[in-house]
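Student: Below, each chain spelled out in residue letters.
2 protein chains.
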Amino acid sequence: MNAAPSDVPLFRRVAIYGVGLLGGSIGAALRARRPEVEVWGVGRNAARLQAAVDRGQLHKWTLDPQEAAMACDLLVFCTPVDQIVPGVALISEACQPGTLITDVGSTKAILCDELYELAGERVEFVGSHPIAGSDKQGAEHGRADLFRDRVCVVTPRPNNTAAGVDRVGSFWQSLGMRVATMSPAEHDETLAVTSHLPHLAAAAVAQLLEPRLAAFAASGFRDTTRIALGDPALWTAIFLTNRGPVLESLAALMDVLQHYRRAIDSGDERQLQRLLTEAQYHRQKLV
Amino acid sequence: MNAAPSDVPLFRRVAIYGVGLLGGSIGAALRARRPEVEVWGVGRNAARLQAAVDRGQLHKWTLDPQEAAMACDLLVFCTPVDQIVPGVALISEACQPGTLITDVGSTKAILCDELYELAGERVEFVGSHPIAGSDKQGAEHGRADLFRDRVCVVTPRPNNTAAGVDRVGSFWQSLGMRVATMSPAEHDETLAVTSHLPHLAAAAVAQLLEPRLAAFAASGFRDTTRIALGDPALWTAIFLTNRGPVLESLAALMDVLQHYRRAIDSGDERQLQRLLTEAQYHRQKLV
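Top line first, the protein sequences correspond to chains A and B.
Anchor point for the first sequence: position 54 equals 54 in my numbering, and the numbering is continuous, going up by one each time.
Anchor point for the second sequence: position 117 equals 117 in my numbering, and the numbering is continuous, going up by one each time.
What the hints contain is simulated information worked out from the structure, not anything from laboratory work.
Hints may contain errors.
To be verified - Selected chain B positions facing chain A (Cβ under 8 Å, derived; list incomplete):
id, residue
1, Ala46
2, Ala47
3, Ala51
4, Ala132
5, Gly133
6, Lys136
7, Leu197
8, Pro211
9, Gly220
10, Leu229
11, Ala233
12, Leu250
13, Met254
14, Val256
15, Arg261
16, Gly267
All figures in this text were calculated on a predicted structure; none of them were measured in a lab.
Even glycine gets a Cβ: it sits at the ideal position worked out from N, Cα and C.
Take the sequences, apply the hints, and build the full model.
Tutor: Okay, here's the thing in structure tokens:
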């Protein structure tokens, strides 16, 4: 990971497609840290976009995706992961030569493959995944410091230019992030374990909480299942665009649960304590 | 649940056996809310017990379990769940007639059965489980408000007297808790889902976090696996003293995970969204 921010002006105008929690936070962070950059917002709801301007997250907004594509030299797609490809398809012809496009999607392999098909001579797409978020949704919860000291994974394909990858990385660094670079496939395998699997486990545990039991769930249950509050449509898209790695990590989880089952069933105190100590050890690395 | 606290003086002297997070908090809450009650601490480490006195959690301490049993009319066992029965066995002969004994153990059926065998004419044991805690350990983290507005499950057996059950319930109410009464078996089935199962899921997910992946784990992973930080010996004892219900809830969890596996494998968007929406709905009841 490379943490040194660049002071070279990277972009003149940045367009944020989809101004929700992440898009609003990108705007706020840019305005705070790169006052020389003009920040545009693109969306479908004029009142919400104007509210983001009023909060100081954007300089201006448009409902016309092509207008922003013509005017800006970096386009950041913050729409749901299954709307990124159609969104890029709509604007790629309108871009000036040399325009860079990136995104904040949670899965990268399918997306980067599909965008490779779309990419022409004029624009370059470099995938990104800033690992930051909140259980809140909407630009009104956006924060200029949402990305500070968090990790952004930049996922170049072999056809990307070194300059394009560097500039996208520098963009995230300019928002305060540490940047890690890996292939789209490696990203998806990593996030299957660190993000998608915990969501499945949380949702499965939450589902077993019959209403009559809710009064007896304390903070442990709440913490463990908090992410099950996330948007079902968003997570459905994440699981279905990362099927292979998610199925692999799910199989590994069920394997571990089988170990627990056998140890409890046979009353194997030593094995149970060994498993729990291993889990505690791994978790302590995150404290 | 019954939330009305009683103003009748319930006990003259209360002995806390095992002054850790829960024992220290019980002492602090009693001192704050029932200044007329004398609070004794019983343990094996004089310096730590004196520190609890210095923090105002106890009036006095002793290293002699029988001395406290002779002097006090309520004994609250806050030792690890597998040390409660030997602890009660050691002191039951020393008690004055009419002494009440309760505990804070996380599993109840085996414990209440074994203590029934021990109970004589002179003392009555009524099991309790105050559902409150912290990921911190030790009396130094004890708080007078740890129990406020939380639920305490009181688990009478058929042989318990109505008066004994009422007095133990009133004791927890006097610390600010709401009291629910159920059989030891029903308690164990309930907590298997609301407490023991999330711990297994959290530990299993935590175990899959190889060190090289830790940098890519964000708040979702942290929340979901936080309880895996808990003491492995404590949780081993919990799982092994609640084997049947834990195995049943674990089987239910693996069933749900199989549903997810099939839906992801076959790309069944509708089923996946249905499952996630159901989980979100159950979790929202806790917000």
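Student: Does each hint hold? Answer for all of them.
Tutor: Hint-by-hint comparison with the structure:
Annotation: Ala46 of chain B was flagged as interfacial toward chain A, and the flag is violated, the nearest CB pair being 29 Å apart, outside 8 Å. For Ala47 of chain B, the shortest C-beta to C-beta distance to chain A is roughly 27 Å, which exceeds 8 Å, and the interface hint is violated. Taking 8 Å as the C-beta cut-off, the interface hint given for Ala51 of chain B is violated, the closest approach to chain A being about 25 Å. The beta carbon of Ala132 of chain B comes within 7 Å of a beta carbon in chain A, closer than 8 Å, and the hint placing it at the interface holds.
Interface hint status for Gly133 of chain B: upheld, as the beta-carbon distance to the closest one in chain A is roughly 7 Å, under 8 Å. Annotation: interface hint on Lys136 of chain B violated; nearest CB of chain A at approximately 12 Å, more than 8 Å. Taking 8 Å as the C-beta contact cut-off toward chain A, the hint placing Leu197 of chain B at the interface holds, the least distance being around 6 Å. Interface restraint check: Pro211 of chain B against chain A, minimum CB-CB distance 6 Å, threshold 8 Å, status holds.
For Gly220 of chain B, the shortest C-beta to C-beta distance to chain A is roughly 4 Å, which falls under 8 Å, so the interface hint holds. Taking 8 Å as the C-beta cut-off, the interface hint given for Leu229 of chain B holds, the closest approach to chain A being about 5 Å. Interface hint at Ala233 of chain B: satisfied, since its Cβ lies 6 Å from the closest Cβ of chain A, which is below the 8 Å cut-off. Interface restraint check: Leu250 of chain B against chain A, minimum CB-CB distance 6 Å, threshold 8 Å, status holds.
For Met254 of chain B, the shortest C-beta to C-beta distance to chain A is roughly 6 Å, which falls under 8 Å, so the interface hint holds. Because the closest C-beta pair between Val256 of chain B and chain A is about 4 Å apart, less than 8 Å, the hint holds. About 6 Å separates the beta-carbon of Arg261 of chain B from the nearest beta-carbon of chain A, less than 8 Å, and the hint is met. Checking Gly267 of chain B against chain A: minimum C-beta separation of about 6 Å stays under 8 Å; hint holds.
Violated hints, in rising order: 1, 2, 3 and 6; the structure is consistent with all others.
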